[in-house]
Amino acid sequence: MNSLQTPSIAGFLTAILILLCIAPLKSQTWQPLGPDDFNQPASSISYNDIVVDQNDNVYIAFINSGNRACVRKFDGVRWSDLGTSPVSPGIATSVSIAVSETSVYTAYIDGNHENKVSVVMFDGSSWVSVGAPGLSAGAVEDLSLSVNENIPYVHYKEKSNSKPTLKKFESNNWFPVGTEGFTAPAINRPSLAFFGNTPYVAYVDALTSKASVMKFANTSWTHVGAPSFSASTASNTQIVFSGSVPYVVYEESLDHKTTVMKFDGNDWVSAGSKFADGRYLAMD
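Residue numbers (our numbering): 7 to 290.
Keep in mind that the hints were calculated from the coordinates and are not lab data. Errors might be hidden in some of the hints.
With a straight-line cut-off of 30 Å between C-alpha atoms, the simulated DSS-like cross-links for lysine-lysine are [stated by the list, open to error]:
hint, residue 1, residue 2
1, K169, K122
2, K169, K79
3, K174, K216
4, K268, K169
5, K216, K169
6, K263, K221
7, K174, K263
8, K221, K268
9, K263, K165
Here are the in silico distance ranges between beta carbons for each label pair [claimed, not checked]:
hint, residue 1, residue 2, range
10, D81, A237, 18 to 28 Å
11, K165, G96, 27 to 37 Å
12, N118, A237, 38 to 48 Å
13, G271, N54, 31 to 41 Å
14, S238, S106, 36 to 46 Å
15, F201, E176, 17 to 27 Å
16, T185, T35, 45 to 55 Å
17, G130, E176, 20 to 30 Å
18, F247, S109, 21 to 31 Å
19, H262, S109, 21 to 31 Å
20, S109, S248, 39 to 49 Å
21, N178, H119, 15 to 25 Å
22, A223, S86, 36 to 46 Å
Ideal Cβ placement from N, Cα and C applies to all residues, glycine included.
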């Protein structure tokens, strides 16, 4: 009998195994976390931010329809308010959430303090101010809150000059990390990530409209590789680390597709080859 016409037992078992592996993948779908849409009342929300702590507890921060900052926690069954809701005493226009090993922090743009940044922490029963409210020099935008090595950091762009500032909370006060407004040009879309205790910020240079990255080391902010390294106009920059390697993703106006670059120690280089639809054929 021709072996090409009759599959072997091993081949048959391999085919079955492949089908068993593929079938669950095809059946996977996104399901709501909880019995309904975050157990929210029938009203609109905006500026969602989400974080998961080391015990897999899920928290979501958002601005409710009354323009107040709120935080909810998923307890494994349903969503409920974390402490008293809302967490902002007045109007808030943006919100960001982060967790340490023991605490939940929320930052928001505070309408009660001239649209400056305020940060609160959940102490187990209620929300308390972290340092003085209105900690920024002026009104801000592009707000982002992080916790690194149990130290809270708040990152934002001052509306007055469109330059970024990073502050950290130590000794019961907020201190700037290096110079406030540390970039020479105005910027757009800053994104923060840490390698160890070194902060990195990716952004779009408003003069060149290209992507740049800076890090804070040895008491000052310096460029990582060449500034304005993207091939054409960039937007929506995000920076992450894989091990010790920083990766930056952005939309490039040259082809209106997603570009991912990594820093090889000297230069920013492509992290793969794009398909026509913007996906990557291979990632290094």
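Against the structure, the hints:
1. K169 x K122: holds, 15 Å
2. K169 x K79: Not satisfied, since the Cα-Cα distance of roughly 33 Å exceeds 30 Å.
3. K174 x K216: holds, 28 Å
4. K268 x K169: Given that 30 Å is the threshold and the Cα spacing comes to 24 Å, the pair holds.
5. K216 x K169: holds, 15 Å
6. K263 x K221: Satisfied, since the Cα-Cα distance of roughly 26 Å is no more than 30 Å.
7. K174 x K263: Distance of about 35 Å is beyond 30 Å: violated.
8. K221 x K268: holds, 15 Å
9. K263 x K165: At roughly 29 Å apart (the allowed maximum being 30 Å), K165 and K263 satisfy the hint.
10. D81 x A237: 18 to 28 Å: Violated, at about 47 Å.
11. K165 x G96: 27 to 37 Å: violated, 18 Å
12. N118 x A237: 38 to 48 Å: Once the Cβ atoms are compared, 44 Å apart, the range 38 to 48 Å for A237 and N118 holds.
13. G271 x N54: 31 to 41 Å: Holds - the Cβ-Cβ distance for G271 and N54, about 36 Å, lies within 31 to 41 Å.
14. S238 x S106: 36 to 46 Å: Given a distance of about 39 Å, which is inside 36 to 46 Å, the answer is holds.
15. F201 x E176: 17 to 27 Å: holds, 20 Å
16. T185 x T35: 45 to 55 Å: Roughly 48 Å apart at Cβ, these two residues keep to the hinted range, so it holds.
17. G130 x E176: 20 to 30 Å: holds, 22 Å
18. F247 x S109: 21 to 31 Å: holds, 23 Å
19. H262 x S109: 21 to 31 Å: Given about 41 Å between the Cβ atoms, the range is violated.
20. S109 x S248: 39 to 49 Å: violated, 27 Å
21. N178 x H119: 15 to 25 Å: holds, 18 Å
22. A223 x S86: 36 to 46 Å: Hint holds: Cβ distance 42 Å, inside 36 to 46 Å.
Going through the hint list in order, the structure does not satisfy hints 2, 7, 10, 11, 19, 20.
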